Amino acid sequence: MAWYDEDSWATAAFAPKGSTIAITFLLAVLLPILLHQFIYRKATPTTLPCFLLIGPSGAGKTAFLTLTERKAVAQTHTSTAPSAIEVLLPEDHTPQSSHYRSPGDPAYERSRRFLLNDTPGHGKLRHFATTQLANPTNVRGIIFVLDAATVAEEAGLNETAEYLHDVLLALQKRYTGATTSKGPKEIPVLIAANKMDLFTALPPHLVTQQLEKAISEVRKSRAKGLKDSGAALSGEEEGLDEEREWLGEGGEGSFEFGQMEEVGTSVTVHGGHVIRGDGADVRSWYEWIASHL
Amino acid sequence: MLDTFEVLTTSGVVLWSRRYSPVGPHIINSLIRDVFIEERVQPQAEDAGSKPTYRKEGYTLKWTTAKDLGLIFVAVYQSLVHMTWIDKLLDNIRALFIGLYGEQLKTKHSSVVNCDKFAPYFERQIQDLEGQSDSGFSAPGTKLTPPSSADNESADEFDPKIPPLQKQHKPQHDTSADSTPVPTPDTSRPTTPAQSHLLTGRAGPGAKLSRRGKKKAAALTSAPASSGDEASVKRKGKGSAKKNRVWGDFGAEEEDPSMVLDYSQSDLRDEAPEGEALAEVNPESWGSRTGKGQFVLKDLDLEMDQIIAEQNAKKETSTSAVSGGGLVGSSLGAIGGLFRNVVGGKTLTEEDLAKPLKGMEDHLLKKNVAREAAVRLCDSVKRDLVGLKTSSFTTVEATLRTSMEKALAKILTPTSSLDLLREIQTVNASGRPYVLSIVGVNGVGKSTNLSKIAFFLLQNHHRVLIAAADTFRSGAVEQLRVHVRNLQELSKREGGQVDLFEKGYGKDAANIAADAVTHAAKTNFNVVLIDTAGRRHNDQRLMSSLEKFGKLAKPDKILMVGEALVGSDSVAQARNFNQSFGPGRGLDGFIISKCDTVGDMVGTLVSMVHATGIPVVFLGVGQHYADLRGLNVGSVCRLLMS
Ligand SMILES: Nc1nc2c(ncn2[C@@H]2O[C@H](COP(=O)(O)OP(=O)(O)OP(=O)(O)O)[C@@H](O)[C@H]2O)c(=O)[nH]1
Ligand SMILES: [Mg+2]
Chain S
274 MAWYDEDSWA
284 TAAFAPKGST
294 IAITFLLAVL
304 LPILLHQFIY
314 RKATPTTLPC
324 FLLIGPSGAG
334 KTAFLTLTER
344 KAVAQTHTST
354 APSAIEVLLP
364 EDHTPQSSHY
374 RSPGDPAYER
384 SRRFLLNDTP
394 GHGKLRHFAT
404 TQLANPTNVR
414 GIIFVLDAAT
424 VAEEAGLNET
434 AEYLHDVLLA
444 LQKRYTGATT
454 SKGPKEIPVL
464 IAANKMDLFT
474 ALPPHLVTQQ
484 LEKAISEVRK
494 SRAKGLKDSG
504 AALSGEEEGL
514 DEEREWLGEG
524 GEGSFEFGQM
534 EEVGTSVTVH
544 GGHVIRGDGA
554 DVRSWYEWIA
564 SHL
Chain D
449 MLDTFEVLTT
459 SGVVLWSRRY
469 SPVGPHIINS
479 LIRDVFIEER
489 VQPQAEDAGS
499 KPTYRKEGYT
509 LKWTTAKDLG
519 LIFVAVYQSL
529 VHMTWIDKLL
539 DNIRALFIGL
549 YGEQLKTKHS
559 SVVNCDKFAP
569 YFERQIQDLE
579 GQSDSGFSAP
589 GTKLTPPSSA
599 DNESADEFDP
609 KIPPLQKQHK
619 PQHDTSADST
629 PVPTPDTSRP
639 TTPAQSHLLT
649 GRAGPGAKLS
659 RRGKKKAAAL
669 TSAPASSGDE
679 ASVKRKGKGS
689 AKKNRVWGDF
699 GAEEEDPSMV
709 LDYSQSDLRD
719 EAPEGEALAE
729 VNPESWGSRT
739 GKGQFVLKDL
749 DLEMDQIIAE
759 QNAKKETSTS
769 AVSGGGLVGS
779 SLGAIGGLFR
789 NVVGGKTLTE
799 EDLAKPLKGM
809 EDHLLKKNVA
819 REAAVRLCDS
829 VKRDLVGLKT
839 SSFTTVEATL
849 RTSMEKALAK
859 ILTPTSSLDL
869 LREIQTVNAS
879 GRPYVLSIVG
889 VNGVGKSTNL
899 SKIAFFLLQN
909 HHRVLIAAAD
919 TFRSGAVEQL
929 RVHVRNLQEL
939 SKREGGQVDL
949 FEKGYGKDAA
959 NIAADAVTHA
969 AKTNFNVVLI
979 DTAGRRHNDQ
989 RLMSSLEKFG
999 KLAKPDKILM
1009 VGEALVGSDS
1019 VAQARNFNQS
1029 FGPGRGLDGF
1039 IISKCDTVGD
1049 MVGTLVSMVH
1059 ATGIPVVFLG
1069 VGQHYADLRG
1079 LNVGSVCRLL
1089 MS
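Residue numbers (the working numbering), protein chains in the order written: chain S, 274 to 566; chain D, 449 to 1090.
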């Protein structure tokens, strides 16, 4: 039976038969739908964008997390485990990516959803944060929460600056160690100076100033400090670990947050407070999140 | 006299709390820090019969955890108060909470648990348990002679602060006070207006009544003693009558409370004498004996018992499932267990872990970790893992390994930063030289490591004075002199300035050290390094002189040198030296010397940190002045696990 025979498939396909019409009709209707479904599924990310909450213990990370999740602060204690919580950007902020979407659009609603990853800030538990930093998947930004009142004191300032230094250095290493020529996706940092409600708190511009100064100090003393035991103990040839990396422009002079731009990290400082009698003021933090969502 | 009860998650969010009097958040924070994170305070094992306790600022904290859900249940109460039923409360509340909200807790990416309705359950538990313990107490309470005045005072002191509900529990501790024949306050109480502000809410009168009930019981047995008390005479008269009626006399004002009262009373009657467990109490009796409106409560009790029983049963099956029932069951279980061991998703029990843990312990011992430290690490890992599900495609061994790595990293990571240069800067800024002294047993390399530190400081252009406070061993001063000469030679190249301060032999070391510090301040040295005589850590006489040394020289930092080679002795060494400086002062850090000679057997680090909770600051890795290193926690952990 050749294809040009009377009852061959080719003839049947062009004949005015009921089945042919039905098939054609179904194809015409279903194909776009399937195609749409397929592309739609592909395009929408299966994982939510996420923001990392990092900072020394007692800064108010968990407090901010609960505020964002339930619009009211829950009581918190020192965290011992990280947690990832799905939250919605508050109504009065529009995510950067959905500026032209109308509020009714389901994609708009979806774009306001993100994950907040809280990490414990205690000195012994920072590995939770550093492992996430070493391999940030879907991390849109890092929110470094600090207590603006403890930063007013020497000890608190040093601890905070050291942690921030390590975070920034990790980001820089990630950038300089990248294999692609384009460099990895930028990860901006928000320094959220919390507890502005306390009268001992430093205002944001002073926080910036003090932190920059303290980070310069940290960098200086790290440069002078002893090498660590890594290579010596594992019996490797010394000198392999010689090339240490310095934060900022070669680690010379004084450090400024602006220097981080070069390695794809913009640093912004905003003040706010999660708790006070008459409610929280974290608008500027949400704005920052919105602009990176 | 529970002050606070909290249910919180490991991620730090308080899910539910009940506070009777304000307790600062720092109390629970320090529990979390000291016990869970830094493990500075060792909780007793749970099978010691009771839950572990932790004390802070006059409070006692007891807790229990639900590991798989990441929950911590904490009860806080005043240390002065002796509470016997807290353990039971913690267990019951855990069972209840998990039973009621277990599903909600498992939702991903959410910290919200809707547990507003938990309060009634909690209240009922408290009432039940208090009721039980009350009845248990009443008998001995009656035999009590009047308590010491101190006791009375402390009880009274808390009185006004104690919120209504606690009142209910008061009898337990007040019995003694109340059963004393002091008529005035007792008799006046029912009529004083004060009661209205003291005893507010529905629980108030209940409390009052149960107190009375207690007293009645007291009156029954110790009648003569309280015969002067008008009220107790009256009660005595009715003593044999139905308790309900007695209560009616006093609690008639409100209906609700009398009901509450009845409950605890029925507990008292039904349970205590038979010594039944809570779960076994026949709920019917509660329902039938009380008057109108109790059905709600009855339902609650029924539900509560059910949940608790369910949870207990679940726990039992999960443990018995492992041991397996019957031949087929056990072999099937074994196969399933094996399969899950490979694929993951296996709930770990103590038996599963026993063997791999033993292996892990041996491994650590081979790495020169002291037995004590190895056992503790294994225990902490076990505590971490029992009740946990292995994640997919990980074996028990792999899970154990990662957990052990984590435990090692946690124990070795210092709590705060150890930047020596920064500290020197801060101290110098206050206008005095920075004083660092080094202690240790004989022959571990104190002088060598001191010189290494001096070299490091010279590189950073500090002016260093080395004080020879080893006036005991012959040749010690000369040895230091050689070092100083070498360092002076090097300092020409490296910068800085170094000199030796010595007073020969036989003098008192503490005085020499103090002199060195004053000398340094005068002659513009900004760091003083003090070498001390080596001493056996179990030599009482020499060790005791360290206290004086600490007081006179006032070192900013005291480092102890320990040899990497030393085995199980390390724990005792570290501990004794840490305690030798008297109360309020201890070691600030360790220098582990001769690390280059032990290869991967760096267990001494872990043993010393384990014994004291004090971090390792430096590692000596060779013969040269430059062979001093900071600690790299990651690499040490890798070496230990390799
Ligand atoms: N006054 C004031 N207190 C705050 C503010 N934000 C948080 N706090 C308090 O700070 C304490 C610590 O807050 P957490 O959120 O638990 O701290 P954290 O950063 O999560 O700390 P870790 O979990 O230990 O890393 C809590 O007692 C909060 O009540 C604020 O804006 N103002
Ligand atoms: Mg937290």
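None of these hints come from the bench; they were simulated from the model. Computed from a prediction, not measured in an experiment: that's the story for all the values here. Each hint should be verified, as a subset may be incorrect.
Stated by the list, open to error - In silico DSS-like links for lysine-lysine, alpha-carbon gap of 25 Å or less:
no., chain 1, residue 1, chain 2, residue 2
1, D, Lys-536, D, Lys-499
2, S, Lys-446, D, Lys-940
3, S, Lys-397, D, Lys-830
4, S, Lys-397, D, Lys-504
5, S, Lys-493, S, Lys-397
6, D, Lys-504, D, Lys-536
7, S, Lys-493, D, Lys-1005
8, D, Lys-814, D, Lys-854
9, S, Lys-500, D, Lys-515
10, D, Lys-854, S, Lys-397
11, D, Lys-1002, S, Lys-493
12, S, Lys-500, D, Lys-1005
13, D, Lys-970, D, Lys-999
14, S, Lys-344, D, Lys-837
15, D, Lys-504, S, Lys-497
16, D, Lys-762, D, Lys-830
17, D, Lys-858, S, Lys-397
18, D, Lys-515, D, Lys-858
19, S, Lys-500, D, Lys-854
20, D, Lys-762, D, Lys-814
21, D, Lys-837, D, Lys-814
22, D, Lys-554, S, Lys-497
23, S, Lys-458, S, Lys-500
24, S, Lys-397, D, Lys-1005
25, D, Lys-814, D, Lys-830
26, D, Lys-565, S, Lys-344
27, D, Lys-1005, D, Lys-970
28, S, Lys-497, S, Lys-446
29, S, Lys-500, D, Lys-858
30, D, Lys-515, S, Lys-397
31, D, Lys-556, S, Lys-344
32, D, Lys-762, D, Lys-806
As the list claims (entries may be wrong) - Covered stretches of chain D, going by a simulated chain S footprint (3 or more residues, C-beta under 8 Å):
no., region
33, 466-479
34, 898-911
35, 950-960
36, 964-977
37, 1073-1086
To be verified - Over 12 Å on every C-beta distance to chain D, these chain S residues come out as not near it, computed from the model:
no., residue
38, Ala-301
39, Pro-368
40, Arg-413
Positions of the beta carbon are idealized from the N, C-alpha and C atoms, including for glycine.
Hint check:
no.	hint	verdict
1	Lys-536/D to Lys-499/D	9 Å, holds
2	Lys-446/S to Lys-940/D	36 Å, violated
3	Lys-397/S to Lys-830/D	19 Å, holds
4	Lys-397/S to Lys-504/D	22 Å, holds
5	Lys-493/S to Lys-397/S	24 Å, holds
6	Lys-504/D to Lys-536/D	22 Å, holds
7	Lys-493/S to Lys-1005/D	22 Å, holds
8	Lys-814/D to Lys-854/D	19 Å, holds
9	Lys-500/S to Lys-515/D	39 Å, violated
10	Lys-854/D to Lys-397/S	10 Å, holds
11	Lys-1002/D to Lys-493/S	28 Å, violated
12	Lys-500/S to Lys-1005/D	21 Å, holds
13	Lys-970/D to Lys-999/D	20 Å, holds
14	Lys-344/S to Lys-837/D	33 Å, violated
15	Lys-504/D to Lys-497/S	40 Å, violated
16	Lys-762/D to Lys-830/D	21 Å, holds
17	Lys-858/D to Lys-397/S	6 Å, holds
18	Lys-515/D to Lys-858/D	18 Å, holds
19	Lys-500/S to Lys-854/D	23 Å, holds
20	Lys-762/D to Lys-814/D	40 Å, violated
21	Lys-837/D to Lys-814/D	29 Å, violated
22	Lys-554/D to Lys-497/S	49 Å, violated
23	Lys-458/S to Lys-500/S	31 Å, violated
24	Lys-397/S to Lys-1005/D	22 Å, holds
25	Lys-814/D to Lys-830/D	20 Å, holds
26	Lys-565/D to Lys-344/S	20 Å, holds
27	Lys-1005/D to Lys-970/D	21 Å, holds
28	Lys-497/S to Lys-446/S	20 Å, holds
29	Lys-500/S to Lys-858/D	21 Å, holds
30	Lys-515/D to Lys-397/S	20 Å, holds
31	Lys-556/D to Lys-344/S	19 Å, holds
32	Lys-762/D to Lys-806/D	28 Å, violated
33	466-479	holds (count 3)
34	898-911	holds (count 3)
35	950-960	violated (count 0)
36	964-977	violated (count 0)
37	1073-1086	holds (count 10)
38	Ala-301	41 Å, holds
39	Pro-368	18 Å, holds
40	Arg-413	16 Å, holds
Of the hints listed earlier, those the structure fails to meet are numbers 2, 9, 11, 14, 15, 20, 21, 22, 23, 32, 35 and 36, in rising order.
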